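One-letter residues, chain by chain:
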Amino acid sequence: MLEITGLAKTYPSGVQALKGIDLTISPGVFGLLGPNGAGKTTLMKILATLLEPDSGRVAVGGVDFINRKMVARRMLGYLPQDFGLYPTLTAEQTLNYFARLKGVTDAKERAALTGALLEKVNLGQARKQAVGGFSGGMRQRLGIAQALIGQPKLIIVDEPTAGLDPEERNRFHNLLSEIAADDTVVLLSTHIVSDVSNLCGQMAIIRRGEIIAFSTPRAALRQMTNVIWETNARREEVATLKSRFKVISTQSFEGQVRVRVFSEQGRPSADFQPVVPTLEDYYFSLVNRAESVN
Amino acid sequence: MNALVSQPFVAVFRTEVLFNLKRVAPYALMILFSGNALLWWGWGPAITRGWAVNSDFYIIRLFCGFSFLTLPLFIAVLMGDPVIRDFRTGVDPLIFSKPVSRAEYLLGKFFGNFFVLICCQACFALTLLVLQGFAKPGMIVLSTRLWPYFQHFFFFIVVSSLLFGVVCFTVGTLTRNVKIVYALAVSFYVVYIAWQTSIKGLPVRWRIVLDPLLFNIAALSFEGRRAEWLNQVSISYDSDMIINRVVMLAVSLLCLTLLYFRFSTTERAKADDLASSQMSLLNLAPPFERLYHAPEFSHAPESSEPVAERTAETVALPQVAQVTKGLRAQLTQFAAALGVEFRLLLAERSLAAIAPLVMFLCAFELAVYEVAPEATYSAAYARRTVDALLLFLFGIAMFYTGESIHRDRETRIEPVLWSTPAPNFALLFSKFAATLLLSLSLITLVGLAAVAVQTYKGHAPFRLQDYLATYALILVPSVIFMVAAAIVLNVLLRDKYLTYAVSLALGGAFYYLAGQGYHHPLYNPILYQRWTPFDLVGGGSNLSLILIHRVYCLALSVLLLALALLFFERKSTGGLSDGSRLSSKGWTLLTATTSLLVAVLTGFIINSRA
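Chains F and D, in that order, are what the protein sequence lines are. Counted the way the numbering used here counts, the first sequence spans residues 1 to 294. Counted the way the numbering used here counts, the second sequence spans residues 1001 to 1610.
The set of hints was computed from the structure by calculation and includes no laboratory data. As the structure is a computational prediction, the values presented were derived from the model and not from experiment. There could be a bad hint or two in this list.
Label-pair ranges, simulated between beta-carbon atoms [unchecked claim]:
#1 D:Arg1088 <-> F:Asp82: 13 to 23 Å
#2 D:Lys1571 <-> F:Asp82: 19 to 29 Å
#3 D:Thr1593 <-> F:Asp22: 38 to 48 Å
#4 F:Gly37 <-> D:Phe1150: 55 to 65 Å
#5 F:Gln151 <-> D:Phe1096: 45 to 55 Å
Glycine included, C-beta positions come from ideal geometry on N, C-alpha and C.
So here's chain F without its partners, still in its complex pose:
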């Protein structure tokens, strides 16, 4: 169980990245959704013991992550958003190095673990390959492999699928869902909504340093049933529609614009048809609502 209480962080520049976050996350894959600059990476860095919060508490299984960093690091697997590896080391050497840093002192155990990890992330045949020659997807999979060393209780993956091709993304999703063991929290930070809908049992939406929603993808979709409407409009009509209805998204399609509208009071007008809601509708409706409140 990951418990976050009153977590706040303001950077020296005056940017208030987190404004008292409260979250309780049970084991499984948890999705943290938010637009760029919402505070996701700041939250991830604090959880990964790399950044000091101004106030608040983080605990995993009762262990205080803010004041007992070295104990926390034993329970942690971290895959940052933007990370590198030593290009001259091979995949095997890299994992072996991280295993030693994580305290796997027995050489035989280490060899078995690195071998299994490489197989798990489908890099078994590239084990002797220098990491510098890896593709983005392979590098990302090696990154998740190092995060899995030492049976971590909290695995943090920050924007892991950004820049991956569809096949690699799929592969990565399967890996993540596979590693969410009974007592492990996998915290997935992303701005790609489909990542959350594919993977996560629970989710939260963060915006401007605040949690604006906490739900499960299933409950979120239920909330959106019968309130999402869609029509095809000419480009010049979009501004009018935006002024009349709660437009949550627009998408160019075959020379026209497909407009999705949120309406709890039934069909907005005769041109609109009811559609099956997606998690993106939930996300955009919340973010737009928060924008309009501001």
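Got chain F; can you put chain D on it based on the hints?
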């Protein structure tokens, strides 16, 4: 010729100059060359031999020496990789998809970097020119002169540099492997000396025509002349010298033409085809410069199963024991980090050039100059290598420690490393130990080279204990101090280039002050000019003071390391105690205090006895 004035040429040229303006290398070279000029002006042979420091003869002598010593390596640094850089960073398709011809691109690249090189080298000539206005006691200075500096600079340095610049540029561009360029630069000395030896029997005329650096011109033309005559002689270029320079220009042009015809802007499909057909290739390029192709990830469908089903195949991870508490576990983590750090240092490209160069220069000095016995021959040889090595070890401590400390951030592996349960000392001191290990390896290699030269010259008896005493008492503690100082500077300043600048300034100030006689042991941790071989192996009275000073030096080093650990950016513990025991921060503070006390105590003793 049109390429030289066309817009794309100017754009490429300008970009290269701008790029170099943002690099540290040109500025470092300018400082180094100016320092070199200052050194040769004030501490060269001019005063003792009665040569005027701004006579034609002396200017040419300095320029030829400058070319010989600095030309190959520094030209390789600037001229070896301009095109390789484009391919490495992946900007090449963006450039070659524009209407830029091969000639415009290559000439823009070459002349942009060559211009920067010449500007750097001009610092040497300009410093000498400015120094005419100053004179040390006993120094002869003729009336102020301007033209000879420009004339000889162009004739002796620019033309020689052009040839070597073209060679480095051509080799680097065609092979797309900068290691080959560095290897070429390092092997230059061997090839050049062998060439000089082979043409020694030829008439003077041919020796001038066939000498690419005109290195021997001063010795060949003015050998045995009196200082008064040399100071007054006005040197004009004879036909042999002009032929030599014309040949150099012609060879440069030939190389550029060859490059133009051989250079290809396309990917090397041939090499890739060969690689994919499972043939073994000798490829010196580091793997990340090659195009990676893994058969298991090819775009061809591997099986008809959907991806999700295939990758869902579960691989059970074995249960492993994790030990991160206790000294033994932490030393294991330190050893792991040290192993990787040392391996990464050995993979530094510059090392392939620097290590052989250091060995060559140290051995060259011992081989060429007479070594008089000081206490013993072995002690004298060891002392000579210590003097030569100190400067290089300072450079290694400064540059490689900086590389090591900032590498994790530059490669963006830092957040991953810092989230592991490795203690701060393992992450920080592994970098210290790796640089130290590198320096010790170099000391060992130079020591072995010195032993080889001593044996070759028949200066018996060979006494291993004299080498060991000299290196263990003088070099090793000094290196420990220099690396520790570099570590703490990098941690405190947090910027690699700022640290380089501060280190260079501190080193330069120390060297200058020591030259002025300010080398009291209290502020001279490397004991520069404060010992002789007699003190170490000849029963001199200074041995006990030297030993105390070494304890002082080591205490200062420990203090610096403790400070580095205290100010290390990665935070792990808050308080001084962890329950009933001292925390790592508490231990660090205790160590810092103890080492400070030892330094103060030994400092008092040194001050009272020095």
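Original post:
Does the Cβ pair D:Lys1571, F:Asp82 satisfy 19 to 29 Å?
Top reply: 21 Å, holds
**OP:** Kindly confirm whether 13 to 23 Å is satisfied by the beta carbon distance between D:Arg1088 and F:Asp82.
**Re:** 20 Å, holds
Subject >> CB-CB spacing for F:Asp22 and D:Thr1593 relative to the 38 to 48 Å hint >> reply: 43 Å, holds
Subject >> CB-CB spacing for D:Phe1096 and F:Gln151 relative to the 45 to 55 Å hint >> reply: Holds - the Cβ-Cβ distance for F:Gln151 and D:Phe1096, about 50 Å, lies within 45 to 55 Å.
Subject >> D:Phe1150 and F:Gly37 - C-beta distance against the hinted 55 to 65 Å >> reply: The hinted range 55 to 65 Å holds for F:Gly37 and D:Phe1150, with Cβ atoms some 56 Å apart.
Violated hints are absent here; each numbered hint is respected by the structure.
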